[in-house]
Amino acid sequence: KQEVTQIPAALSVPEGENLVLNCSFTDSAIYNLQWFRQDPGKGLTSLLLIQSSQREQTSGRLNASLDKSSGRSTLYIAASQPGDSATYLCAVEGSNYKLTFGKGTLLTVNP
Amino acid sequence: EAGVAQSPRYKIIEKRQSVAFWCNPISGHATLYWYQQILGQGPKLLIQFQNNGVVDDSQLPKDRFSAERLKGVDSTLKIQPAKLEDSAVYLCASSLASGSFVETQYFGPGTRLLVL
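Quick note, the sequences are listed as chains A and B, same order.
Mapping of the first sequence onto my numbering: residues 25 to 135, in sequence order.
Mapping of the second sequence onto my numbering: residues 19 to 134, in sequence order.
Some clues are possibly wrong.
[Said to hold, decoys possible] Computed list of lysine-lysine pairs in DSS-like fashion (alpha-carbon distance at most 25 Å, straight line):
no.	chain 1	residue 1	chain 2	residue 2
1	B	Lys62	A	Lys66
2	B	Lys96	B	Lys29
3	A	Lys25	A	Lys92
4	B	Lys96	A	Lys66
5	B	Lys101	B	Lys33
6	B	Lys80	B	Lys101
7	A	Lys122	B	Lys96
8	B	Lys80	A	Lys25
9	B	Lys33	B	Lys80
10	A	Lys25	A	Lys127
11	B	Lys62	B	Lys101
12	A	Lys66	B	Lys101
13	B	Lys62	B	Lys33
14	B	Lys101	A	Lys127
15	A	Lys122	B	Lys33
16	B	Lys80	B	Lys96
17	B	Lys62	A	Lys127
18	A	Lys122	B	Lys80
19	B	Lys29	A	Lys66
20	B	Lys29	B	Lys62
[Claimed, not checked] So the derived label-pair ranges between C-beta atoms look like this:
no.	chain 1	residue 1	chain 2	residue 2	range
21	B	Ile56	A	Gln26	16 to 22 Å
22	B	Lys80	A	Ser119	20 to 26 Å
23	A	Pro38	B	Lys33	40 to 46 Å
24	A	Glu80	B	Thr94	39 to 45 Å
25	A	Tyr100	B	Asp92	24 to 30 Å
26	A	Ser36	B	Ile56	35 to 41 Å
27	A	Ser76	B	Lys89	32 to 38 Å
28	B	Glu32	A	Gly65	21 to 27 Å
Hints listed in this document are in silico derivations from the structure and should not be mistaken for laboratory results.
A virtual CB, placed ideally from N, CA and C, is assigned to each residue, including glycine.
All chains should be modelled from the sequences, with the hints used to inform the complete structure.
Here's what the structure looks like:
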């Protein structure tokens, strides 16, 4: 059974700081890994999707890496802003398009 | 394009009552998912439809939860009778399911259920 773990559970940083969120998964037989953002009272928004054959994906100030063999992924956020405050969820996709999520990292960026 | 629509947004009921949630996926999306997200947890898949057929309902508590997707479009999720531990956000998502593993799921805003 696939298990996804995210560290840390919560993170508070001052504005402008670069930060890294971590995700690990137990079964390396995945098709892709996704990072989502969840704002309070709202649904999830996909940020980055890394295919199993890829090593990283970038979008603006976000960079996600994937080391499938070791079961690890990181989400790097450069020059953090208060608007980045949200919960960040990591999810891996296995067969039948099924996503398994971690519990998330609650990020607070202080002005 | 319009996103995934869900209603109601909030619902408060007493235990042992029944409740139903509705989801309208993005037009043309063949796959529809219902997730349960308990406070402080990641979403957990309850049921997955491909058109109007069930692909995966292994984590659906079938003694009290039921779901249907008539005509392969809208879907309803029902809980009868509700328990205190059913308090959660119920998220609906949809995807094209074109056969590619590079497409993402699009999530609705969720229905927040509180069982008293």
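Each hint, compared with the structure:
Using a Cα cut-off of 25 Å, the hinted pair Lys62 of chain B and Lys66 of chain A holds, with the two alpha carbons roughly 16 Å apart. Among the hinted pairs, Lys96 of chain B with Lys29 of chain B is consistent with the structure: their alpha-carbon atoms are about 13 Å apart, no more than 25 Å. Proximity of Lys25 of chain A to Lys92 of chain A is assessed by CA-CA distance (about 16 Å); at most 25 Å being required, the pair is judged to hold. For a cut-off of 25 Å, the pair hint linking Lys96 of chain B to Lys66 of chain A stands: about 21 Å separates their Cα positions.
As the CA atoms of Lys101 of chain B and Lys33 of chain B are separated by approximately 5 Å, the hinted pair is consistent with the 25 Å bound. The straight-line distance between the Cα atoms of Lys80 of chain B and Lys101 of chain B is roughly 14 Å, inside the 25 Å bound, and the hint therefore holds. As the CA atoms of Lys122 of chain A and Lys96 of chain B are separated by approximately 21 Å, the hinted pair is consistent with the 25 Å bound. Restraint check for Lys80 of chain B and Lys25 of chain A: the C-alpha separation of about 21 Å stays at or below 25 Å, so the hint holds.
With a CA separation close to 17 Å, the supplied pair Lys33 of chain B and Lys80 of chain B stays within the 25 Å bound. Straight-line distance between C-alpha atoms of Lys25 of chain A and Lys127 of chain A comes to about 16 Å, which keeps the hinted pair within the 25 Å bound. With a CA separation close to 17 Å, the supplied pair Lys62 of chain B and Lys101 of chain B stays within the 25 Å bound. With a C-alpha separation of about 24 Å, the suggested pairing of Lys66 of chain A with Lys101 of chain B holds against the 25 Å cut-off.
For the suggested pair Lys62 of chain B and Lys33 of chain B, the alpha carbons sit about 22 Å apart, so the restraint of at most 25 Å is met. A C-alpha spacing of about 23 Å is found between Lys101 of chain B and Lys127 of chain A, which places the hinted pair at or below 25 Å, so the restraint holds. Between Lys122 of chain A and Lys33 of chain B, the direct Cα distance comes to roughly 31 Å. Violation of the 25 Å bound is thereby established for this hinted pair. Restraint check for Lys80 of chain B and Lys96 of chain B: satisfied, since their Cα atoms lie roughly 10 Å apart, inside the 25 Å limit.
For a cut-off of 25 Å, the pair hint linking Lys62 of chain B to Lys127 of chain A stands: about 10 Å separates their Cα positions. As the CA atoms of Lys122 of chain A and Lys80 of chain B are separated by approximately 19 Å, the hinted pair is consistent with the 25 Å bound. For the suggested pair Lys29 of chain B and Lys66 of chain A, the alpha carbons sit about 15 Å apart, so the restraint of at most 25 Å is met. Our distance criterion of 25 Å between C-alpha atoms is met by Lys29 of chain B and Lys62 of chain B, whose separation comes to about 20 Å.
For the pair Ile56 of chain B and Gln26 of chain A, the supplied restraint of 16 to 22 Å holds, since their beta-carbon distance comes to about 18 Å. For the pair Lys80 of chain B and Ser119 of chain A, the supplied restraint of 20 to 26 Å holds, since their beta-carbon distance comes to about 22 Å. Judged by the Cβ atoms, the range 40 to 46 Å given for Pro38 of chain A and Lys33 of chain B holds: they are separated by roughly 44 Å. For the hinted restraint 39 to 45 Å between Glu80 of chain A and Thr94 of chain B, the CB-CB distance of approximately 40 Å keeps it satisfied.
Take Tyr100 of chain A and Asp92 of chain B: their Cβ atoms lie about 39 Å apart, and the range 24 to 30 Å is violated. At about 23 Å, the beta-carbon gap between Ser36 of chain A and Ile56 of chain B misses the expected band of 35 to 41 Å. With their beta carbons about 34 Å apart, Ser76 of chain A and Lys89 of chain B fall inside the hinted range of 32 to 38 Å. The hinted window of 21 to 27 Å between Glu32 of chain B and Gly65 of chain A holds, with their beta carbons roughly 23 Å apart.
Checked against the numbered hints above, the structure violates hints 15, 25, 26; every other hint is satisfied.
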